[in-house]
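> For reference, the chains in residue letters:
There are 2 protein chains.
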Amino acid sequence: MAEKITNTEEKKGTWLTFRPDIKVLDCTIRDGGLVNNFNFEDDFVKAVYNTCVEIGVDYMEMGKIVDKKVMDPEKYGPWNFCEEEDIRRIVGENNTDLKIAVMADIGRSFKENILPKEDSVVDMIRVAAYIHQIPAALELLEDAHAKGYETTFNLMAISKVSDSHLDEALGIIMESNADVVYLVDSFGTYYSESIRKLTKKYLSAAEGKNKKIGIHTHNNQQLAYANTIESLILGTSYLDATISGLGRGAGNCPLELLMGFLKNPKYHIVPLLKFIEKYIVPLREQMHWGYEIPYMLTGQLNEHPRAAMKFIDDKETDFINFYYSLLDSQE
Amino acid sequence: MAEKITNTEEKKGTWLTFRPDIKVLDCTIRDGGLVNNFNFEDDFVKAVYNTCVEIGVDYMEMGKIVDKKVMDPEKYGPWNFCEEEDIRRIVGENNTDLKIAVMADIGRSFKENILPKEDSVVDMIRVAAYIHQIPAALELLEDAHAKGYETTFNLMAISKVSDSHLDEALGIIMESNADVVYLVDSFGTYYSESIRKLTKKYLSAAEGKNKKIGIHTHNNQQLAYANTIESLILGTSYLDATISGLGRGAGNCPLELLMGFLKNPKYHIVPLLKFIEKYIVPLREQMHWGYEIPYMLTGQLNEHPRAAMKFIDDKETDFINFYYSLLDSQE
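Top to bottom, those sequences are chains A and B.
Okay, so the first sequence: first residue is 168 according to the working numbering, each after it adds one.
Okay, so the second sequence: first residue is 168 according to the working numbering, each after it adds one.
Looking at chain A on its own, in the form it has when it is part of the complex:
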């Protein structure tokens, strides 16, 4: 069967077929790490890894590759730094079909944090950047590409950016060696109509550039899963998800929902259900994430969720006051 899929009409599936270009990327540890400062126990990370292997996930993001000179390893767990020995403690030589990804943050991750490919079990470097960081991000991405890694460019917070700036940004990014360019809904603010427009914009910008488009969503308005499948139907190939939506604030597209939608027989939901019973049910007693009213409000108002995270951490419930404070901050 033809594995090669272009950004055009070939990418059609029906509810009884599947598209081989679809790749699922689990970012439970990385986006979930934003909730607990990357302090996951090895046992948990290893269980996520084993589950990803068993259920046919294509990539697992182990965390960030922040430089320890920039953030304090006393305050942040190993998955904020993803040193090679930490990753290998979990995956060994990773003799599986699951590929390993890590995320680089501009200003916090540098070329020296990326080993030569032959010394690493990492397969993919994902570069996350705001629009003003594009030059620095491209420099890091090209270094990773030259070292032999697959690369993605995750342009963040685009809902705060004008159409013309976004077009310009995509024009530049599509000239890079990034293998995948991600449509990222950082604030969980987009409705399906916007997701469709943006997906078409990204696909169109990628046309002829030998790139795939990916999508990363947040669940502020209970649309993370809906928008992910909306985008994939139009031709997005790389789908980010986290187990039970574990991730910053309202969390992400839940992997188990996505598994229910995807028809490729390589994907299996049962080991994922086992992981959820064993690890997520007890974890919900210790960590808090997922849709709540304050996240809905920041999503509706296209704001970063940090104010909502503080409001919830402080166990406040005066939603009206919170709502007006968000409106005031937009003036």
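Bear in mind the hints are in silico, worked out from the structure with no lab data behind them.
Keep in mind that the hints are not guaranteed to be accurate.
Restraint-style ranges between C-beta atoms, simulated for each label pair [claimed, not checked]:
| # | chain 1 | residue 1 | chain 2 | residue 2 | range |
| --- | --- | --- | --- | --- | --- |
| 1 | A | T263 | B | A324 | 41 to 51 angstroms |
| 2 | B | R473 | A | F185 | 27 to 37 angstroms |
| 3 | B | P438 | A | N206 | 33 to 43 angstroms |
Calculated pairs, DSSO-like style, for lysine-lysine (alpha carbon to alpha carbon, straight line, at most 27 angstroms) [said to hold, decoys possible]:
| # | chain 1 | residue 1 | chain 2 | residue 2 |
| --- | --- | --- | --- | --- |
| 4 | B | K367 | A | K367 |
| 5 | A | K441 | B | K477 |
| 6 | B | K327 | B | K368 |
| 7 | A | K364 | B | K364 |
| 8 | B | K367 | A | K430 |
| 9 | B | K327 | A | K430 |
| 10 | A | K364 | B | K445 |
| 11 | A | K364 | A | K190 |
| 12 | B | K368 | A | K482 |
| 13 | B | K364 | A | K368 |
| 14 | A | K482 | A | K190 |
| 15 | A | K482 | B | K441 |
| 16 | A | K327 | B | K430 |
| 17 | A | K364 | B | K482 |
| 18 | B | K482 | A | K430 |
| 19 | A | K477 | B | K441 |
| 20 | B | K430 | A | K367 |
| 21 | A | K213 | A | K190 |
| 22 | A | K445 | B | K482 |
| 23 | A | K368 | B | K430 |
| 24 | A | K364 | B | K430 |
Stretch-level coverage of chain B by chain A, calculated; a stretch enters the list once three of its residues show a Cβ under 8 angstroms from a Cβ in chain A [as the list claims (entries may be wrong)]:
| # | stretch |
| --- | --- |
| 25 | 388-395 |
| 26 | 414-428 |
| 27 | 432-444 |
Cβ atoms here follow ideal geometry from the backbone N, Cα and C, with glycine treated the same way.
Once you've looked at the hints, dock chain B against the given chain A.
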């Protein structure tokens, strides 16, 4: 401004305009009543009513009009029966713009449970029926129509029905005097693609029949809100929602999310936020509803959520066993 909207091109809104044909129906007490056997305190029901008035909701469904000979008033609260005196205790003469709706169940509600219109503060009778109950449902609906009520036909569990049977059913229903015909996703099983196809089917069947289309969703796959806005974009006019999604199993489309999407200045979110703080936050300590893994599984497998409700009530967490038992029951 022209208030009259047909089922065609006139129904277009953009994100800065609004469609006057859109009507929001709050069914918090009715669908929420399925969680607690309709045992809401008067104070709670009155607060829902006052909130609906303040935030510009168009209809509030007070509950069901089940005959007390069929179900035991010792076991079910007043909102399962909605006798006139109970409703008036909450709404008085209802001198507001909010219309009052109640739901009739086939086999449990009869003509004698529907007062002459002049003796009632109820404005709308919603008739809920399975496909084999259509003749009985139409008899009840026509009686309500003849008495002077607005009427809706809510055909349930259509995901278990063949396309040809559904077409036939819609053909019959569209010849009735129902003012609104509802697209109902009883099991929370539909993806946006199916919702779009079904919305077009319902709109097309209603063409020239002087009817509006409504939508009622369940949140088993976190798609209740997404599917509601997807359907409304295509021309659905009546939108069911419940406060914080309060409703059977995974619950419904959350009213506060819908309020964030609708741009008609008559709708206000702030009093709704106040209600949520005062009533929903404490209620969550006593009642359980909303998305959970077992509801996801019944939704993915197009099954009634009753097995999931029992699983959750029994505080079980063996999701794999539950999943296989659902598969077995489909054999």
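> For which of the previously enumerated hints does the structure constitute a violation, in increasing order of number?
10, 12, 14, 17, 18
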